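Trainee: Each chain is listed here by its residues.
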Amino acid sequence: MIEAATTTAVAAPACWQDYVQLLKPRVMSLVVFTALTGLVCARTPMNPFLAGVAVFCIAVGAGASGALNMGFDSDIDGLMRRTRHRPVPSGRVQRSDALGLGVILSLFSVGLMALATNLVAAGLLAFTIFFYAVVYTLWLKRSTSQNIVIGGLAGALPPVIGWAAATGATPLNAWLLCAIIFFWTPPHFWALSLYTQEDYAKAGVPMLPVVKGAAATRRSILAYSVLVALLALVPAVTGLGGLLYLGLAGVGGAVFIALAFKLAASHAGDVPAGAGGLYDVKANAKDARNLFAFSILYLFGLFAALLAERFAGLPPLTS
Amino acid sequence: MSELVPPENVSGDSPAAAKARRRRSIAIAVALGLFVILVFVVTIVRMKGHVADIGF
Chain Z
484 MIEAATTTAV
494 AAPACWQDYV
504 QLLKPRVMSL
514 VVFTALTGLV
524 CARTPMNPFL
534 AGVAVFCIAV
544 GAGASGALNM
554 GFDSDIDGLM
564 RRTRHRPVPS
574 GRVQRSDALG
584 LGVILSLFSV
594 GLMALATNLV
604 AAGLLAFTIF
614 FYAVVYTLWL
624 KRSTSQNIVI
634 GGLAGALPPV
644 IGWAAATGAT
654 PLNAWLLCAI
664 IFFWTPPHFW
674 ALSLYTQEDY
684 AKAGVPMLPV
694 VKGAAATRRS
704 ILAYSVLVAL
714 LALVPAVTGL
724 GGLLYLGLAG
734 VGGAVFIALA
744 FKLAASHAGD
754 VPAGAGGLYD
764 VKANAKDARN
774 LFAFSILYLF
784 GLFAALLAER
794 FAGLPPLTS
Chain D
146 MSELVPPENV
156 SGDSPAAAKA
166 RRRRSIAIAV
176 ALGLFVILVF
186 VVTIVRMKGH
196 VADIGF
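Protein sequence lines, in the order shown, are assigned to chains Z and D.
For this note's numbering, count along the first sequence from 1 and bump the result up by 483.
For this note's numbering, count along the second sequence from 1 and bump the result up by 145.
In isolation and in its complexed conformation, chain Z is listed as follows (with noise of 0.2 Å):
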């Protein structure tokens, strides 16, 4: 009662930054780029109008997403460093308000896609959203050490609805783009738990440092970043990537593969980071600091290769 009322008393009122800030706009920026990559490689005329619209829909179904993990994470997001000045757990934004944000922008974003495009970008952004919100944060991040390798699925996602949104159909090439986000996904977070896993155990989110160990996480990412460097190639004899694809993809897919094997031989993560701020770079994580920026570069110029050669008119390899 006590607490309720010091609460109450100390939260400032919400501004609409905090209200964005439940959006995870970061992410969203990500989803939108990789959504619109999917409705771009697809080749399919569209009105510009709708293909915009459809973009729209998926950048506030990501919203809806964020808002709700955020609602439903509050209890652990204010025992991490890194989560606890979030909206919810800091008090400036009720729980009830973070959930029937998320509930309302996903019935939003799902019947103005359905309305805007087809059932099936609609059918596959609506299973999105339950995936992240549901199945990834009220079950998997707080039960397996393989939370975000299953999750990874929802973030992965976004290509395949950008490409339903503008055929109606889901074909081989739009789960390529799928399957190198998901594959990608596991290194670029282990990486990041790394160094942030004292946050994870504080929690009690079974993060794979956590649970198996610096040493068996570090050998997982290598593992994980020889397939998606591998994978990579593939768009290149597909038909959806041409030369300018292939070359980042090869010089991009050796430089994640080197950084890989030089972090699974440094010792990252074995000491737990200690004092100090999160995000400062430990000398014995430097490593897996190293890969993790990589990595969001590395997608980033994959998709924006893809992008790029559909705006230049560059054909595929093959086709």
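A few of these clues could be false.
These stretches of chain Z come out as covered by chain D in the derived footprint (C-beta under 8 Å, 3 or more residues) [claimed, not checked]:
#, stretch
1, 495–507
2, 519–533
3, 592–599
Source of the hints: derived by calculation from the structure; they are not laboratory data.
Keep in mind the model is a prediction, meaning the values are calculated, not measured.
For every residue, glycine included, the Cβ atom is placed at its ideal position computed from N, Cα and C.
Fit chain D to the known structure of chain Z by using the hints.
Mentor: Just chain D, lined up with the frame of chain Z:
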């Protein structure tokens, strides 16, 4: 004659909280209005496409 309660005092919120709630309500109203317009425009654009498909 019963006394009327000013609407801003009904919830017993502080002036800052009442102001924030009012701003939120206006934002929701504007968002709803934009959504309705968007649905209308999308419907018209899709109808135009279908009419064009008939090929008169």
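Trainee: Hint by hint, note whether the structure agrees.
Mentor: Evaluation of the provided hints:
1. Beta-carbon proximity to chain D at under 8 Å applies to 5 residues in the stretch 495–507 of chain Z; the threshold of 3 is reached and the given coverage holds.
2. Using a Cβ-Cβ cut-off of 8 Å, 3 residues of the stretch 519–533 of chain Z lie near chain D, which meets the minimum of three, so the contact claim holds.
3. With 3 residues bearing a CB less than 8 Å from a CB of chain D, the stretch 592–599 of chain Z meets the requirement of three and the coverage assertion stands.
The structure fails none of the hints (numbered hints given earlier).
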